[in-house]
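**Student:** Residue strings, one per chain:
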Amino acid sequence: MPHIRLPEGIPRILGPMAFSPETAKPLNELAEVLLRGPSSLTPAEREMVATYVSSQNDCYFCQNAHGAVAAYHLGGDEAAIRELKKDFETAPVSDKLKALLALAGKVQRGGKHVAAEDVERARLQGATDKEIHDTVLIASAFCMYNRYVDGLATWAPQDPEMYRANGKRLAEQGYVRSTDHLSMKAGG
Amino acid sequence: MAHIKLADGVPGIRGPMLISPETTRPLRELAEVLLRGPNTLTPAEREMIATYVSSENGCYYCQYSHGAAAAEHLGGDYALIDQVKQNFAAAPVSSKLKALLAIAGKVQRGGKHVTPEDVERALEQGATDKEIHDTVLITAAFCMFNRYVDGLGTWQPQDPEVYREIGQRIAKHGYNAPGWERSVSATGK
Chain A
0 MPHIRLPEGI PRILGPMAFS PETAKPLNEL AEVLLRGPSS LTPAEREMVA
50 TYVSSQNDCY FCQNAHGAVA AYHLGGDEAA IRELKKDFET APVSDKLKAL
100 LALAGKVQRG GKHVAAEDVE RARLQGATDK EIHDTVLIAS AFCMYNRYVD
150 GLATWAPQDP EMYRANGKRL AEQGYVRSTD HLSMKAGG
Chain B
0 MAHIKLADGV PGIRGPMLIS PETTRPLREL AEVLLRGPNT LTPAEREMIA
50 TYVSSENGCY YCQYSHGAAA AEHLGGDYAL IDQVKQNFAA APVSSKLKAL
100 LAIAGKVQRG GKHVTPEDVE RALEQGATDK EIHDTVLITA AFCMFNRYVD
150 GLGTWQPQDP EVYREIGQRI AKHGYNAPGW ERSVSATGK
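Those protein sequence lines, which keep their order, are chains A and B. Per numbering that gives the first Met the number 0, the first sequence starts with residue 0, numbered consecutively. Per numbering that gives the first Met the number 0, the second sequence starts with residue 0, numbered consecutively.
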């Protein structure tokens, strides 16, 4: 049961977002620009960073929701996402993404864990300053989203089909519109 | 030295914010609504939560800039902010704020650390659902801001005057006012 009384019948992060629309707006806009805005990292790569961090934070909802978006971007390759969460160093992803995931793992534990060598490794694999910046901010942002979801003990569905459908919707429509139907519901 | 190329003389979060305006806009809007938007928790109380979490995360820039903002909201009571960081249970703040700071400390370690008892204690001290929600989200947001600042190895001056200036500016103008991007006048040595 959630720690606070959230609107009924609205699962996951959408519960607190419907409860607090004034904070939901910048939270959704941040997710949109970080994960889907113009970037030399693909949406799939950015969703994989989000999924890996959520997995390290043990947030069931976020890792499955963003894992499904990443898999959808990869043409439905759910196996790649499972491998990535288990051990990204042996997963079928680029060396650059592996270096960025290593960086994300350090940020997940705490900003001070990032060493000059971690950044150097990413640069050697061709990562730009902007890609390093975005990786650090995506990892940081998911340390926020994960705590928001789990800190309020929101309800997370277990049905893989729900995550698949949700992943497709988020991949196609994005995050800013993801709560539109809630305000419509609230508005009558 | 910062891990990526950032402007010289620009402290803390302002450095990365300058190179990424598209992410800066929602980040500043989030800080503004969380810490200064309409709320039954005062801006000082919310800045104290932000300061305590930043202190637990060991983020120098965030704990001193938000600590200064909290102190300036309280007429310059910097001693109280030090007490809250050292041991909030013994600090002269309300029992409600102590219960909310306890929740914040749990969220800082990880969302799953929050127990129904933590929430029950806050409710007993008069906290509303909205105040508990906001405490969780402020804490979660500072687990983001702190990592952003430290994860990029930003420049964090040690001069208290720098933070006093930042705190005064935040308390007066907030997070979304033009001019946040300029470098500070004092130079930390």
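If you are wondering where the hints come from, they were derived from the structure by calculation, not from laboratory data. Where is the CB? At the ideal position from N, CA and C, for every residue including glycine. A few of these clues could be false.
Unchecked claim - Pair by pair, the computed Cβ-Cβ distance ranges are:
no., chain 1, residue 1, chain 2, residue 2, range
1, B, K129, A, E160, 31 to 39 Å
2, B, E21, A, E21, 17 to 25 Å
3, B, S93, A, K129, 26 to 34 Å
4, B, T114, A, P6, 18 to 26 Å
5, B, G57, A, M161, 24 to 32 Å
To be verified - Computed footprint of chain A on chain B; a stretch qualifies when at least three of its residues, placed anywhere within it, have a C-beta under 8 Å from a C-beta of chain A:
no., region
6, 24 to 32
7, 130 to 143
**Student:** Are the hints correct? Go through all of them and say.
**Tutor:** These are the hints, each one checked on the structure:
1. Our hint of 31 to 39 Å for K129(B) and E160(A) holds, since their Cβ atoms are close to 34 Å apart.
2. Checked against the given bound of 17 to 25 Å, the beta carbons of E21(B) and E21(A), roughly 21 Å apart, stay inside it.
3. Under the hint 26 to 34 Å, the C-beta atoms of S93(B) and K129(A), about 44 Å apart, miss the expected range.
4. For T114(B) and P6(A), the hinted distance range of 18 to 26 Å is satisfied, since their beta carbons lie about 23 Å from each other.
5. Our hint of 24 to 32 Å for G57(B) and M161(A) is violated, since their Cβ atoms are close to 38 Å apart.
6. For the region 24 to 32 of chain B, the stated coverage by chain A is satisfied: 6 residues place a CB nearer than 8 Å to a CB of that chain, which reaches the threshold of 3.
7. Here the region 130 to 143 of chain B counts 10 residues with a CB under 8 Å from a CB of chain A, which clears the bar of 3, and the coverage holds.
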